[in-house]
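There are 2 protein chains.
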Amino acid sequence: MKKHNFSAGPCILPQTVFKEASEAILNFNNSGLSILEISHRSKDFVSVMDEAQKLSLELLGLEGKGYKALFLQGGASTQFIMTAYNLLQNKAAYLNTGTWSTKAIKEAKLFGEIDEVASSADKNFNYIPKGYSIPSDADYFHCTSNNTIFGTQMKEFPNSPIPLVCDMSSDIFSRKLDFSKFDLIYAGAQKNMGPAGTTLVIVKESILGKVQRQIPSMLDYQVHIKKDSMFNTPSVYAVYVSMLTLRWLKKLGGIEAIEKINNKKAETIYNEIDRNPLFKGYAEKEDRSIMNATFTLTEPKLEDLFNDLWKAAGINGLNGHRSVGGYRASMYNALPLESVEILVTVMKELETQA
Amino acid sequence: MKKHNFSAGPCILPQTVFKEASEAILNFNNSGLSILEISHRSKDFVSVMDEAQKLSLELLGLEGKGYKALFLQGGASTQFIMTAYNLLQNKAAYLNTGTWSTKAIKEAKLFGEIDEVASSADKNFNYIPKGYSIPSDADYFHCTSNNTIFGTQMKEFPNSPIPLVCDMSSDIFSRKLDFSKFDLIYAGAQKNMGPAGTTLVIVKESILGKVQRQIPSMLDYQVHIKKDSMFNTPSVYAVYVSMLTLRWLKKLGGIEAIEKINNKKAETIYNEIDRNPLFKGYAEKEDRSIMNATFTLTEPKLEDLFNDLWKAAGINGLNGHRSVGGYRASMYNALPLESVEILVTVMKELETQA
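In the order they appear, the protein sequences are chains A and B. Using our numbering, you'd call the opening residue of the first sequence number 1 and step up by one each time. Using our numbering, you'd call the opening residue of the second sequence number 1 and step up by one each time.
No lab work stands behind these hints: they were computed from the structure. Mixed in with the good hints, there may be bad ones.
Identical chains blur together in the list; that is why a pair holds if it fits in one copy or across any two.
[Unchecked claim] Taking lysine-lysine and the BS3-like style, the derived pairs with C-alpha atoms no more than 25 angstroms apart in a straight line are:
#1 K106 with K260
#2 K103 with K348
#3 K176 with K210
#4 K123 with K251
#5 K91 with K176
#6 K109 with K130
#7 K226 with K106
#8 K106 with K210
#9 K65 with K251
#10 K103 with K130
#11 K227 with K204
#12 K227 with K109
#13 K204 with K91
#14 K19 with K2
#15 K348 with K109
#16 K227 with K103
#17 K19 with K3
#18 K65 with K280
#19 K2 with K43
#20 K106 with K227
#21 K210 with K109
#22 K3 with K43
No experiment lies behind these values; they were computed from the predicted model shown.
This is chain A alone, in the form it adopts within the complex (with noise of 0.2 angstroms):
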């Protein structure tokens, strides 16, 4: 049976990709040997760390603005740390829209005096704030453009006085920005662009070395810059099914052709949500995000039918966060179209036998 995967993340990659990316765990570029067992210094690999990197600045449109990608490890809570500890002399300011900002305003609090902006905690962070100001004397300000948990999304960013950093793990490449607008963009790898284990750091060098302290080397930007991503073992594996998933992308037709895909799974899953008596969504409708569709039922009783339903239509991961309760469909890009109509169907279904 045809499984229909809005697992939060880790999550559904494209098909093309698992086919590539279990042929090279048996034999990598026809070499004989596994991808699992070459040299990370070999020749084949490098090649691999290079177009992953070379393809992630493209699609962002970054080329040749000043920045370089890197392929780290320990997700997005590393950098959280990372960050701070490269960028925080005195005073960051920092946007809290969910449960990652609050973890990354956490971490940030050991290196430096931290100026939360805004919250939208008082309301369980179902919006996003807004007219906020940003101190210019702080070292940069941070924002979360996509928070998973709750099914926010930031539409727009500020023009910041000073560097701007975003934790874009869950949105990464799904939409048309101006990235350049950007001076440190972080993503974990296990949404939108391949599976856990490997971390995107893109940065603008010009923001780096301005902090006075020592930095341990796994945790320096410039050391892990000079030695491309290289420094020690990167995680290979992940890297390679990154760069896989990224050329998929770009034959696809980058990001503003995954971007019209993302918005029409979006658009219907979200009528659904509102034409459907039986469903109410969780987030503000302004602040709705294209990626993580949060809901509950108005009808608390009937969760075990609508589990049967969905379940049995070949749906897995629709449960919602703890921190939420009710559902996510989450619909990253490698999400085909026809899952979330699938989807929708059973929410009729579930109209009908009510």
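Position chain B against the provided structure of chain A, taking the given hints into account.
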């Protein structure tokens, strides 16, 4: 043509592991989903993580002895920082046996005073220092059990009056030791345990929580212990393949069984290095590694001929590290004895043709 992969790491893994690892990319546990697209919080993956942790302790004989096994990210290079962050209050003692020890010392110096108890830098690390004493007023003693680059290996470990910390990246699970002598063992997976992308940490819980500094969450062993290696999304696939490799080792008879094979492989190559007048071993005989045999040609003019011969035999990854030159035959757990025998045949062939 059959390949004989002597790569220094990432390196050969068991062929049965590659097969299963390739299948799981397309259909994991008969779920119809790829292991790359499932949630790390899913029952299926939690069970993989549990089994990997349990097998690690079981194979080392450390179950029920107050140790925890963690699968983290960032390689040994991140452990150089984490060990110091978590354990170094005032002073730590380090044994310097090569490139990796030197790097570990460099990172630890950011956190406190380092007492380098002994070093073999005077002879480009071709031996293991002995007869040093460990200061009882230091917070811990750190050593590197096997030096991949130089081909040396510690055969005995000191009875340390302070916590004993060991980087076993390149020989963990390869030989019987009294592992309960150690308080913290860490190892990048990409030699005897799995692919690049995850790092095993075995830590005795009682040594933790004693430093005064605040530790960022991702660098805090206690945080990872509390969350069973799931504080954030782990490197799912690398942990899975490590688990498969540990299962393979257990089925084979555990460390005791593999040690016999490893000793036989090492004996085979070192006998030829000592017998064949065209080759010279790099490391002092008593400190020779059973994992990495380093050697040079006695007649440099034979280099091209030798290279042609081993490449023609399907041998891969035999070039030595630039710090030593010559050749390095890495013979990790999954390398069959047959591959070493082929290499020896090639070495004899050189003698005939020279």
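- [ ] Please name the hints from earlier in the document that this structure breaks, with their numbers sorted from lowest to highest.
- [x] 1, 2, 3, 4, 5, 15, 18
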